[in-house]
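> Put chain B with the ligands on the given structure of chain A with help from the hints.
2 protein chains.
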Amino acid sequence: MYNPAMRIIYLKERDILFLFFISIIIIGTTLLFFPIAWQSDKEYTFVDSLFTAVSAVCVTGLSTVDIVGMTLFGKIVLLILIQVGGLGLITFSSMFLALPRKKLTLANTKIIQNYFTNEKIVDPKYIIKIVLRLTLTIELIGAFFLFFSFKKFDIPDPIFSSIFHSVSAFCNAGFSTIPGGLEIFRNQAFGSVTFMLLIVTGGMGFVVLQDIFDFICKRDVVLLLHTKIMLVSTLILIFSGCLLFYIFEFDNITFEGLTWSEKILPALFQSITTRTAGFNTINQGDMTMPSKAISLGLMLIGGGSGSTAGGIKVTTAFLILGVLVQGLNADKGLTVFKRKISSINLTKAGIFFGKAIIIVFMSILGILIAESFYGSKFTFMEITFESFSAIATVGLSLGITSDLSVISKLIIIFTMFAGRIGLFSLIIPVNEIKIDRIINYPEGEVLIG
Amino acid sequence: MYNPAMRIIYLKERDILFLFFISIIIIGTTLLFFPIAWQSDKEYTFVDSLFTAVSAVCVTGLSTVDIVGMTLFGKIVLLILIQVGGLGLITFSSMFLALPRKKLTLANTKIIQNYFTNEKIVDPKYIIKIVLRLTLTIELIGAFFLFFSFKKFDIPDPIFSSIFHSVSAFCNAGFSTIPGGLEIFRNQAFGSVTFMLLIVTGGMGFVVLQDIFDFICKRDVVLLLHTKIMLVSTLILIFSGCLLFYIFEFDNITFEGLTWSEKILPALFQSITTRTAGFNTINQGDMTMPSKAISLGLMLIGGGSGSTAGGIKVTTAFLILGVLVQGLNADKGLTVFKRKISSINLTKAGIFFGKAIIIVFMSILGILIAESFYGSKFTFMEITFESFSAIATVGLSLGITSDLSVISKLIIIFTMFAGRIGLFSLIIPVNEIKIDRIINYPEGEVLIG
Ligand SMILES: [K+]
Ligand SMILES: [K+]
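From first to last, the protein sequence lines stand for chains A and B. Residues 1 to 449, numbered by the numbering used here, are exactly what the first sequence covers, in order. Residues 1001 to 1449, numbered by the numbering used here, are exactly what the second sequence covers, in order.
Think of the hints as simulated: they come from the structure by calculation, not from any bench. Some hints here could point you the wrong way.
Unchecked claim - Here are the simulated DSS-like pairs of lysine-lysine, each with C-alpha atoms no more than 30 angstroms apart in a straight line:
# : chain 1 : residue 1 : chain 2 : residue 2
1 : B       : Lys1292   : A       : Lys377
2 : B       : Lys1377   : A       : Lys377
3 : B       : Lys1377   : B       : Lys1292
4 : A       : Lys340    : A       : Lys218
Small disclaimer: the values here were computed from a predicted structure and weren't measured.
Okay, chain A solo, but in the shape it has when bound:
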């Protein structure tokens, strides 16, 4: 039954989301605008502070100024913004996504489904508790391992740095306080792998992590359809990406001085970081054109729903590809792992994808127009790469961020926010769907967004 009171509650939820993130951004911008946040010789404007705050809260990692030039105070503010931004979204999304009764209906009222679910029903308070505990535990373990790598390379303030980078990696933020970024780890297996594990874990999404945890520790539990799709797709994405980067960077300057076996590490790192961590162990601008184009695809796909990663999400890409492959047989529904995917699920995937493409196109066009007043000194690839990086909150750049005009910077700020909070708000339920527990083919539910 339609319940107007219910509607008001859910609309409030969406308002709370926006209010929450906008408040953090305002506080962050203010704190980062104080001279105390920057070393005295650093030049920065209000837009730079706003850009850095939005980039941190949206866990993007793009920056118009070198954050190495921040004071410890500035770095701590940044760390908190990343943690709150990352955890905030993970908490919101885990709550919305894990509660199977609340669904977004993008289709018309006549096609509301008879819905029979085998998903787990979870208590919101329990979710928040477990998200916090899980995040902090993983980040602490990560920091512990990073400490040894950082000590080895004599990175100043190794305790703070390892905490900062562990949080930045798990939250898929990609900010680094090391001068020159992570390029020192290009050939360092231990440090590289620690980063990769943190990134992949953070980008899987809480639902997947909890499901795997339950699967290992409890009896009579089967993996959710969502988890299966995530695991298979993520493996395929990581290894095909690695193979492609390996091939197209093999003879390139980025892999210079490495043997054929040593080249696997940076190829793997590039494959993982591109969806959507944003750290780099090789200079992105030096990559070959094919590698840059492959990066565009991986960036747009992003990580898991309800994770710290951005992009249209792995499952969304999976569904879209699935429909394209199964094609016209889709009147039988999309069948994956012996489960039927509902039409509403597919429509959600399509809308998510469409919205992302349109936003990124508007972003590219806007920057091209803005830069045309300043002599159009950037290439189409540079601007496209920057816009994809912003909408998917990746943070990789071909090196143009700080040279952009003020209007272009504002467009990137908007794109980051739209890509993170705007796209996410699509999955917040608006209405309760009537659930008739008619026994029928069970439907598997795949998370979108």
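Just chain B with the ligands now, kept in the frame of chain A:
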């Protein structure tokens, strides 16, 4: 009721479509590979012949060799390929699209709609007859008017040329036998407007033309929802495109030597030709970056369903934008002109869009990879522009077509075919939907593809 016999018939329809176009392409390639088709001093390879034949049958207009170097025999072959390619698809699509009982179901069986239609039911034979008559009539009128323009500019063989260009314009093919293309018409209102009218008429689609004809000539007829959307969207697209090109080319070399009022004509022409005729009165490579990016958007959108135009189609873009604007209220269905758009319709739009984006991305990536073996001498914009032009069968180019490597040419050939025949095959019905004539909100049906 599901009827296996029905399924076989429809699958045959799809096979016929592919067989039909592949046969024409083989015949065309063979004819264009004969030396008799080319002036003796011309160099061309088998791939060039294949490319030209596919480009003609898919009414794209891209070419790896200069068409001006063809003999009259070659030009006549080209003309026939364009006419058969354009008319063939218009006939196939008008038949599939105009018969309201047959619908593609991309959603699962449970959400088959109670379908109440006010669309007109038309006889297939009648459709073929009226399509042929309409096409030939418009092309003859067009040729008649073009003749005067061609006579004025002393274009050789003015009778044949005006027929060729009238067909090429109505079929949205964009091939021109005039050395230097239509740039002589940049500032010529009469010739320009004749071309624009032919392009727009051809790009509207037979269903729209017939509907407008009925609306004017018969009583008690209301415009179809599809027609209303097409008319409104086309007007908005043409005039907003014109305005944008006017602004971004105003001070550019492309509009050199024109007064502010004279600049309106080429801006309008560029806006119309980009969706998906492919003629050019200004050099595309000389356009500003914003104009090139705007062209990408217009190319992808294309023209009307069941027309000679390509792209994802105006109504598809309309639905996608509509869902994005109405957003989360979409559980009430998308409401346009007091009609409700079904979820199946929206899903079709999303799939169409998704397929196009994925094909064009693969095309860009493939060409980047192929060209990386030849020194990557093209920019990302040039390759992106070429790929968008191919998938949407536009035919505009930043001037790289003939310099592409053989593999890249083959990729463009594939992209043209996929964009024209592949995408179109998505709308062919596979299954008959059970129609329950339960009285309910009437649903308007919008054509996709
Ligand atoms: K990031
Ligand atoms: K064309």
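> So, for every hint listed, does it hold in this structure?
Right, here's what the structure says about each hint:
no. : hint                    : verdict
1   : B/Lys1292 <-> A/Lys377  : holds (15 angstroms)
2   : B/Lys1377 <-> A/Lys377  : holds (19 angstroms)
3   : B/Lys1377 <-> B/Lys1292 : holds (19 angstroms)
4   : A/Lys340 <-> A/Lys218   : holds (26 angstroms)
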